[in-house]
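**Student:** The residues making up each chain are set out below.
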Amino acid sequence: MEAVSREITVKAVMENLDRVIAFAEETLTGLGCPPKARMQITLSLEELYANVVNYAYASSPGDCGIRIELARKDEHRVAITLQDWGKAFDPLAKEDPDIFLSANDRPIGGLGIFIVKKSMDSVSYRREDGKNIITMTKSW
Amino acid sequence: MEISTNRQGQELTVKLTGRLDTNAAPLVQEKMDQVLTEGVEFLILDMTDCTYVASSGLRVILSAQKKMNALAGAMVVKNVTEDVMEVFEMTGFVDILTIE
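Just so you know, the protein sequences line up as chains A and B, in that order. 58 is the number that my numbering gives to position 58 of the first sequence; each next residue is one higher, with no gaps. 35 is the number that my numbering gives to position 35 of the second sequence; each next residue is one higher, with no gaps.
Hints are supplied without guarantee of correctness; some may be wrong.
As the list claims (entries may be wrong) - Listed below are the simulated DSS-like cross-link pairs for lysine-lysine, each with C-alpha atoms no more than 30 Å apart in a straight line:
1) Lys36(A) <-> Lys118(A)
2) Lys11(A) <-> Lys36(A)
3) Lys11(A) <-> Lys31(B)
4) Lys118(A) <-> Lys67(B)
5) Lys36(A) <-> Lys78(B)
6) Lys94(A) <-> Lys66(B)
7) Lys131(A) <-> Lys118(A)
8) Lys117(A) <-> Lys67(B)
9) Lys94(A) <-> Lys131(A)
To be verified - Per the computed footprint, the stretches of chain A lying under chain B, defined by three or more beta-carbons under 8 Å from a beta-carbon of chain B, are:
10) 44-58
11) 113-120
Unchecked claim - Pair ranges (Cβ atoms, derived):
12) Asp33(B) <-> Pro107(A): 13 to 23 Å
13) Glu38(B) <-> His76(A): 47 to 57 Å
14) Ala70(B) <-> Glu75(A): 48 to 58 Å
Keep in mind that the hints were calculated from the coordinates and are not lab data. The C-beta atom is built at its ideal place from N, Cα and C for all residues, glycine as well.
Only chain A is shown next, with the shape it has when bound in the complex:
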């Protein structure tokens, strides 16, 4: 089965979020990804992208590359890779929030990566050649 892969590189600023999401929507639609999985993937991508913007490149924005690939069409499975050249930052290292606390006891924030973990089948981080690389997969 032919491998399908598309990628985009943008300057990691929040102004480019719409471009990133449009790229993912278009690519995933083209791959036949159904609406629910598409929402989960674009949401996860947004959360990770925001992390790159806010933490990996907190002071001076650099590039962020995003690749979406369908390794084998018959499996209905995509792998999404984000990479940046910012400071080492592992978003998965953070402990999951307690989602059973009352509204008053709940801290504001800290849900982004938790949403990614819940929405995707797998998420992994590695630091390689001065890059932060996050890979996540999703089947439908």
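Mind docking chain B on chain A? Use the hints.
**Tutor:** Same frame as chain A, but now just chain B:
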């Protein structure tokens, strides 16, 4: 994202239209800070036309809930779309919000 507000006495309705994403969230927060003031006892968050929510949007919603609790008021989230409900479910927001 479009934000419309309607105040009728102690009741405030905030209607969100579009995607409550990382870019929209600060705008909604700013608006909330302006309109959610003393005297509001009942907040209705109308999400009929809100098609998407990211964690940044959840922050704004939780912050409004905390504010209403502090004001000893009530907050109701209305007409939640399927995609948004899924995010509320996975983050436990279904347990801390009053969803109608």
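**Student:** Run every hint past the structure and note whether it holds.
**Tutor:** Evaluated hints:
1. Lys36(A) <-> Lys118(A): At roughly 14 Å apart (the allowed maximum being 30 Å), Lys118(A) and Lys36(A) satisfy the hint.
2. Lys11(A) <-> Lys36(A): holds (28 Å)
3. Lys11(A) <-> Lys31(B): Within the cut-off at roughly 29 Å; holds.
4. Lys118(A) <-> Lys67(B): holds (28 Å)
5. Lys36(A) <-> Lys78(B): holds (21 Å)
6. Lys94(A) <-> Lys66(B): The hint holds at about 24 Å.
7. Lys131(A) <-> Lys118(A): holds (25 Å)
8. Lys117(A) <-> Lys67(B): With a Cα-Cα distance of about 29 Å, the restraint between Lys117(A) and Lys67(B) holds, given a limit of 30 Å.
9. Lys94(A) <-> Lys131(A): Holds. Lys94(A) to Lys131(A) sits at ~19 Å (cutoff 30 Å).
10. 44-58: With 3 residues in contact (Cβ-Cβ under 8 Å with chain B), the coverage given for the stretch 44-58 of chain A holds.
11. 113-120: holds (count 4)
12. Asp33(B) <-> Pro107(A): 13 to 23 Å: holds (19 Å)
13. Glu38(B) <-> His76(A): 47 to 57 Å: holds (53 Å)
14. Ala70(B) <-> Glu75(A): 48 to 58 Å: holds (50 Å)
Violated hints are absent here; each numbered hint is respected by the structure.
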